[in-house]
Every structure is written in structure tokens, then in C-alpha cells.
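Engineer: Read off the chains here:
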Amino acid sequence: MPEGGPHIVAKDLTMAYGDFLIQQNLNFEIRRGEVFIIMGGSGCGKSTLLKIMIGLKSPKTGDVFYDGKAFWASSKQEQVAVKRKFGTLFQSGALWSGMTLAENIGLALKQYTDLDDAEIREVAAYKLALVGLAGFEDFYPSEISGGMKKRAGLARGMAMDPDILFFDEPSAGLDPISAKLLDDLILELRDSLGTTVVVVTHELESIFAIGDNSVFLDPVTKTQLATGNPKELRDHSPNFDVRNFLMRGTAPQEASAA
Amino acid sequence: MSAAAITANDAGAGTVQVALSGDWLLGHGLPGPDPVLDRLRKAPKPSSVAFDTGSLGDWDTGLVTALVAIHRSAEANGVQVDDAGLPEGARRLVALAFAVKEREGARRTDERTPFLQRIGESTLDAWNAGKELLAFVGEMILSARRFFTGKATYLRSDILLHIEEAGADALPIVTLISFLIGMIFAFVGVMQLNMFGAGIFTANLVALAMVREMSAIMTGIIMAGRTGAAYAAQIGTMKVNEEVDALSTLGINPMDFLVTPRVIALILMMPLLSLYSSLMGILGGMLVGLIMLDVSLQQYVQQTISAVGLNSLFGGLFKSLVYGILVALAGCQQGIACGSSAMAVGQATTQAVVRGIVLIVVSASVLTVIYINLGI
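Protein chains in written order, with the working numbering: chain V, 261 to 518; chain W, 3 to 378.
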């Protein structure tokens, strides 16, 4: 595994739906083992940026570099190889409703490893236990609560021991305690496995609790306003909108001195 | 409870005094702000509006909407609003309504598209739909190749499940409809053919019609309504739920995982269902024939067997195979192309059935012409 250089780099990303521009000129770097937050007000294109990063939607211009290799410029096979290192937790969990939790987690293992069914089941049971769902292997997604679906989705995202975990609004729709537990789990994964974590969220508490680095997207100017550690941005960002966002709309006009 | 009233009086010095009285509650026949709005527009132009709410009773949104309308009109006419006379709560609610400026371009205006433009747009839509369908066919062929070379990811249990849903589960409805169709044909046949003493040929009529055309078309239409719709709804819902995205991020092609197993299940089941449907139709016809005609069971069966050649049989089965492909194609394509809302799933399902049936009928005509030219 190459060390040193940034793990993920976004270069001059511009994203659009047809002619409708969402964001332009996005440039940021994510280091290995970092928790990176993509934040901004509703409708600024956070989830779209995530879709581009996980290879679901192509950018209009620019590219995302993983370990220095341009993702969108590479071939389909190479993209699949890069994507194998990803784990994704979708906003609603997006568990496959026709399969049990164990089958949900096992699908990636079945696809990419030589493990036999018993071994796959064992891994699935272990991953479920990690997220506090031990014993739920044979439940269908429709039989568990929203918070449990999210955790099961995380277990599925972790099935292949990914290098990078992507989270789309992990704490949306969770009660404060479950949200806190999920935050702790994210930090735990990062610390024990060295996983790089990319989180789309606008929950301030989460942002400050887990974020090492961040990018702030603005829906008005349609570009990034700031990038850096969220706590520092809150206290010292020269941009009023960024500070105001991070202080729940109560920021003073002047930034405090560094 | 007293009736709501509103009056606008000139109070001197260019001030219009708006007197509000009674209970201003929604759904109780409110007078609305029109007297005030009329006064604001008329000369001599007032310089300010003031309110007198001394005899105002209960009020709710009904009052506030009237006040907002007065404010808007005053603003447009350059008239000062002095809202000191309003109840405290109403004043704050009005202020809240004006706190955030209307976003530019947020208000949608009703545009009527000219007739020619609408024709043009729907033509383009149809053209694009055709292109999408063709692209989907291409993807499906590539996916089928991966399936048969063992490179596709899918669950074998999925195929079995789809086979059960598209096959065994469809038997009751296919039985009912085919049996009745066979009976209807036999009725018509007996009535007409008996007129010149050829009643026994009812057996030929029923058997040929069922085997060559009707069984394939009827099962095709049943499957479009049953299975094609189900495919579109299943895949569409998975799309709404981000389940399809989740597959893609794993590097699993949704075509391989979701579409091909469904198509294969339907392709396997359609000829079997069609064969079964022919049999049911012939049995239905036989029931009517035996009751209404003076023939024995043996004669009727003999007549049926002599009427149906292998050409007719295989011609019919081939048709059912084609219809099966078309129904699965329409259903899965609509599912994959589905937008991300509950409404979109409904539209996709409707479109899946409509397209499925249209494709069946069109291809039935084409195939019949080809068969006739080939002499089958």
C-alpha cells in the first residue's frame, strides 16, 4: 500500500445534471486514515459529490484520484478493482430487501472471494456482531427498525474490509444515542483498521466529534467555500457563511483571531 | 359569534382607516380584503393605512391572509402601513410572512405550450423512448452473454424464485382465461358451422386458433399484466431505495443481477404456459362441442388431433417465446429507467404493461405475416 501521498484527491471537479450546474471547481485532498466531512446546506450537492466519488455518477469535468490514479479516466475493469476497496453506507441503508442480513453481507464475499457458504456466514455473523446486531443473520430488512437497517448497512459496507468507507448522512433519522454510537463506531473503525472515512453530513455534533478535515459546499456560489478541520473553520474561517453554518447561525461577523 | 366585517374610511391627512370587526375565522364566510384593496388603488392616493381592531373578536389565518394581501397591495402602491392597531400576534405573523424575501424565479407561472410544440415534444419523447429500449436490448444481449459464459453475478435461488412466480403461480389465471376463451370460440364455431352442417369443424377452429395464436397472445397479455408489472415495480422500488446503487458500488452489474435472471425465468416459462393454455382452451371448446354438437368424445378428439400439425404447434410456441422476451424486456427496462419517487414507480409499472401489450400485438401481426409467407 503506498504511503505518504494523499489517499483521495479531487481535482477541478464540476458536477451537473444535464445543463443544471450543481458545483464547480472542487479541489480537496483526503489523507489516509482521516475522517473527512463533506458538509453544506441542503441541496448544495453533497450527496451528488459522494455519488461521483463512489463511481455512480460521472463528473462533468475533473477527476477523483485514488492513490494518485485517476478514477474516471480509467477503464471499467480498473474502476471495478478500485471500487472493491470501497464500503458504502447509503442514506436509507439500501439493504437488498429480498435477502436476509447475512445474505446481504455475504454477497460481496461471494462475488470476490473463494470462501465457502459456511465461512461467508461466519464472516457475516461477525460483522453483524461488530455493529451490535448479533443474532439477526436471518432477519429480512423489512423486519428491523430504521436504526438497525443503518447499522446492518454499515456491516455490509464493511464486509470486504474496505480501505475507504463512505457514509451518506449516517445520523439522519437516528435518535441522539444511536447517532452517538454510530459516531463512536466510525472512530473505532478508523483507529483499529486505519480506514479512511468520508462522511456526508450536516449534523454539527457529528462534524465536530469525528471530523479531522472537511470541505464546505455552498449552494449559492456553487463551489467550495472552505476546506480544513471543522473546529478550526468554526473559530477562524475568514468566511462568514462557513462560521455561521458551523455555529448554527449565531456567528459574529468577525472571525476570532487565530 | 358575530359576522366578520371590514371597512375602509378616509380618516383625513391621507390616512385610510381600516376597521375590522367580528370573528375572523376561516370557513365562516369572511369578506376578504377587497374594500381596502379597492380604496388603495383609487385616487386620491392615500399616504398610509392604519388599523382599528377595537371590535375584532377571535381571529386565525383568515385574518392574517387578508392582512398580508393588504400589505402587499400597499407596498405595490407605495402606501405606508401603520400596523400599531393590529393585535400583537397578528402583527408578528404578518412580519414573519415578509421576513424572508420571495426567492427570485421560485414562483412558477402557468405556461401553455402551443399545440405544435406539444406534438414535437411527444414525438421526440417517443423517439427517445425507442432509443432507450434499443440501448437496453443491447445491454441485455451483453448481459446474456456474460450469463452463459459464467461471468455474471446472480443468485441461483433468485432464478428459481422468479420461475415459480412467473410459472406455477400464474397457472390459475391462465387456466381460467384459456378455458373460457376456448368455450367462446366453440360457441361461435358451433353456431356458424352448424348452419351448413359442418359442426364437427368446430374442433378444428378451436384447436387451431388456440395453438397457433390465442394461447400465446393471451398468456403474453396475462404475463404483461402480472409479471411484467411486477418486474417493473420490483426493480423500480429497488431503484428508489438505492438498492440498485448499492449493487453498482459493489461492482455487480444490475443487468446481470436483476434483469437477466428475470428474463430467463420468463423465457423458460412462457412456452410452457402457452402449451398449457392451448390444452385448456381445447378442453373448454370440447366441453361446449360435446354438449351442443351430436358428436362423441372420440370423434371430437380425433378431429382435433388431425387439425393440429407440428408446424402449428411449434409456430405457436415460438410466438410465445417472443412475447415472453418482449414482456420481460418492457418490464425490466421500465424498472431500470424508473425515477426516484413513489409516483415514478407507478408510472413505470403502467408503462411496463402498456408497452408489453403493444409490443405483443405488433409482433403478433409481424409474425403472422411472416408465417403466412413461409407457409407455416
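It cannot be assumed that every hint is accurate.
[Unchecked claim] To give an idea of the chain V side of the interface with chain W (calculated C-beta under 10 angstroms), a few residues:
hint, residue
1, Gln371
2, Tyr372
3, Gly433
Don't read these hints as lab results, they were simulated from the structure. None of the values given here were measured: they were computed from a predicted structure. For each residue, glycine too, the CB sits at the ideal point set by N, CA and C.
Engineer: Work down the list of hints and note, for each, if the structure agrees.
Structural biologist: Hint check:
no. : hint   : in the structure
1   : Gln371 : holds, 5 angstroms
2   : Tyr372 : holds, 8 angstroms
3   : Gly433 : violated, 14 angstroms
Against the hints set out earlier in the document, a violation occurs for number 3 only.
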